[in-house]
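Chemist: I would like the entire structure built from these sequences, with the hints used as guidance.
Below are the chains, spelled out letter by letter.
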Amino acid sequence: MQFLPELTLLGAGLIIFLFSLGKTDTDKMKTVAIGLGTAIFAATLISFRQEGTLFFDSYKVDLYSQVFKTLIAGAMLIVLILGRKLKDIKNAVQPEYYLFLFLSVLGLMMLVSSVELMAIFVAMELSSFAAYIMVPMRDDSGSSRFQMEAGIKYLLFGVTATGFMLFGMSYMFGLTGSTQLSIVMERLSQMYDQPAAIIAIMMVLAGFFYKLALFPFHFWVPDVYEGAANETTAFIASVPKLAAVALLIRIVSMVNGEGQVIVNILMVCAVLSMFYGNLSALIQTDIKRMLGFSGIAHAGFVLLGILTFQLSGYANALYYIIGYVVMTLACFLVICSISSKGENVQINDLSGLHKRSPLLALTLAIALFSLAGIPPFVGFMGKFMLLAGALKQGYLILVILAAINTGIAIFYYLSVVRATFCSDPDNNGRISNSLLTNATSILLLLIIVIMGVTPQPFINFATSTVQLMM
Amino acid sequence: MDQLLINPDYPHILSTLIFLPLAGGLLLLFINNEFFARYWALGITALTAIFSIPLVSAFDQTSAKFQFAEQYSWVHALNIQYVIGVDGISILLVMLTTMIMPLCVLASWSYIKTRVQAFMVCLLIMEAAMLGVFMALDFVLFYIFWEAMLIPMYLLIGIWGGPRKIYASIKFFLYTLAGSIMLLVAIIWLYKTNNYSFFIPDMMWQDYSLTAQTYLFLAFFLAFAIKVPMFPFHTWLPAAHVEAPTAGSVILASVLLKMGTYGFLRFALPITPEATTLFMPYVLWLSIAGIIYGGFTALAQQDMKKLIAYSSVGHMGFITLGIFVMNLEGMEGAILQMINHGITTGALFLCVGMIYERTHSRDLRSATGIGKYMPIYVTFLTFFSLSAFGFPGTNSFVGEFMILAGTFKYSIALALAAIPGAVLAAAYMLRMLQKIVWGGTDNPDQSWLKDLNLREIITLCPFLFFVFWIGLGPQPFVDLMHVSVASLLDQFHAHQGQALAAAQLILH
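Going down the list, the protein sequences come from chains A and B.
All residue numbers for the first sequence refer to this note's numbering, where the first residue is 1 and numbers rise by one.
All residue numbers for the second sequence refer to this note's numbering, where the first residue is 1001 and numbers rise by one.
If you're looking for bench data, these hints aren't it; they were derived computationally from the structure.
A portion of the hints provided could be inaccurate.
Stated by the list, open to error - If we take Cβ atoms under 8 Å as the criterion, some of the chain A residues that face chain B in the derived model are:
1) F369
2) I374
3) P375
4) P376
5) L387
6) L391
7) V399
8) A403
9) G407
10) F411
11) R418
12) F421
13) C422
14) P455
15) Q456
16) N460
To be verified - Some chain B residues flagged as far from chain A (calculated, every beta-carbon gap over 12 Å):
17) L1042
18) T1297
19) A1417
20) Q1434
21) G1440
All C-beta atoms in this analysis are idealised placements derived from N, C-alpha and C, irrespective of residue type, glycine included.
Modeler: In structure tokens:
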């Protein structure tokens, strides 16, 4: 039971694998894939209350990990639904695409449960390598071979980040003589004044910075976002970030005592992320690239919660990343529905969307206003709580810099909303959406609004989750 | 919490006023019928206006507390509460908002031809947010309404606006938002300092250090001065006014601009009294600059909407002048003038909108000499123009007189500097009136113009009614606000502290 979600995922991967053996009925396979996604989500719900440890204490199943598994499964299900047509994936490799998707999610699920350095490494690699392969699977109809470049970049930067992480882990083992996370961190906390300990921690965190797309491990983001198929980008932009935040919180919460140097480094990373992401996003014309840069800025905001080293800060970061994933998925739902053959969407392509599909226009507008941090949506509440938490710890300058960033960010979000609502070109017909897509977009909208208007239950839940883990 | 007064007869009246238009707007999202949308919006706004009447009749004029208060815990983790209430300063603004919204719906009846139901949704959500701004007593709640209001207003300008709507709407949005970012930091700082509470009345009259007050005041000033708009921050206003549809212009002029001055009264003065004393002279002279600048630029405009927009800069300068002279006459005059400006300028924008609907031009030259063919129209226009430059017997005369009386009490030099503004107002309004009514020898052919229809007359009548009511019998309005203003000033003078001495040094 404790391992049920992972087993279901593995089984799902194998079932999809069977499709690739013969001549594929792709329509049937896509339905099966969504069915399997639902089954995985159900499995995470069933094992929600499980607790215990597996594999010689290297794998911990607790409320914290189960919450994240449920979130990951839910986000994956939405990615499956919004990208269920696989518009821009070669027909021949569609079963393999799903196989790698499930394997990548399997890695992420294992990651949130791992409490041992080697297990973390293995899970991380499993999720990353599957994702590396998904990127170049895009159909090469334009023969620009853009997706190949993206795939190579994703791989090279990923391997570099992993190298950092592995190197840091070797330091940790050398300093403490253990690979158990709890023991490592406890022993490390006695030597924070030593540069080796700080370097070790920062290098391990670098691996997660890469997944979260945080400065200075963000370089892959724009090209991969643009080069990968829309469905793949939707996946990369949302699900891995959940797991990365889970592990960041798990590791940082064990850093106790006087970690001032680490706080300072995190602060610099957060501020640089925000400025780099927001300023670069200002001039983008491709909406996926823009969302990529905005994702870098949002990663900086998440860090704002983590670097407080407070329970409430972790809870805020958790709340914020959930909100971020929902908002991003809502944006990608619109992108995937708009691009008729899976091509990239330019911001100008959105003009007149309110006529072509009012619901999609509303979804996009609310998601973007929320990303920009305008009340009463979840993005505002999240940012507000992060800022309040950081100021509570006395980081006034940091809060002011972050507030300035929300101001910068407004501009590019608004320019998309402007294209969506305020222009009336006469080309382009209506976009007819299936019931499933409409239902999903309404669901995402409701989550954005409800989490923003009544944050209390969500914050309580996030707090108690993190508290149980600590 | 003893600053709140719960009125048992009307326990949920304020919440009703906020949530009725909100619910009406959200329901309208699901209805796809233009004809129905107009009546629905009119019904909801009229109902809100009717529900707001007991506010005045049951208001306790002898108390400076926040009345009709409601208080619920909202986000416990951060101690954010849902607290609303009105006092003598905000009640008039609440009434102004509820009364003006049905008229805005009427004014858009035939003006808006595309996406009617979306327009009405924006209007209704806008009303809810505006009322929320004036009622909120929790700083986060205030900020949420303050920011949320930008979305419908942005859409109103950006979708139904004129040719340069994109530029105007983005400028409006960015300007306002950029201004309020530091307000957010100030809010969080106050929260931390005030024992982790966002309750606004508890933040007032605390002994923050002068340095802290200075920074807080600057944050407040940036947010509110942009909203007012005060002189160097006014450039978004003409663009937004000119491009917005009529109803949008009316809402902007009548209600949105008042939020800046309301912010000064509600936050800057009570929370940072010492810093206010310190910065008072600069704000006052900025007001004078606004008055003169607004007057001269209005005099040079050919675009009627731009003319009224720049006249707003001048009028708002009078209001900030009245607030920052810090005496009873000035402040009461300023609050009264906030209402007056809402009535008069709102009505003038409606008048311009009516011409625009007929000629599709806002150019003064294409609207010359229509007095002969639209007698009812020019009658209304004349009264509103007279009111705009403070002709005795009209509402603005009372307000401006009180403000100038207060200014004379404070400093004769300042008052003398403000006088040319009043003269300029007469000049530009009469110039516009003369051209529209009579024009010259080369008037375009206007004989095809139809005079106002019944709907338009009904829209304008309430404005005219209030122009004369406040002009001839302002006492009831002053009574409503008197106790609140007096207590604000008492407290203010008690908390000026040593900053007063420093300010005197700078002045003399």
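Chemist: Hint by hint, which ones does the structure fall short of?
Modeler: Failing hints: none at all.
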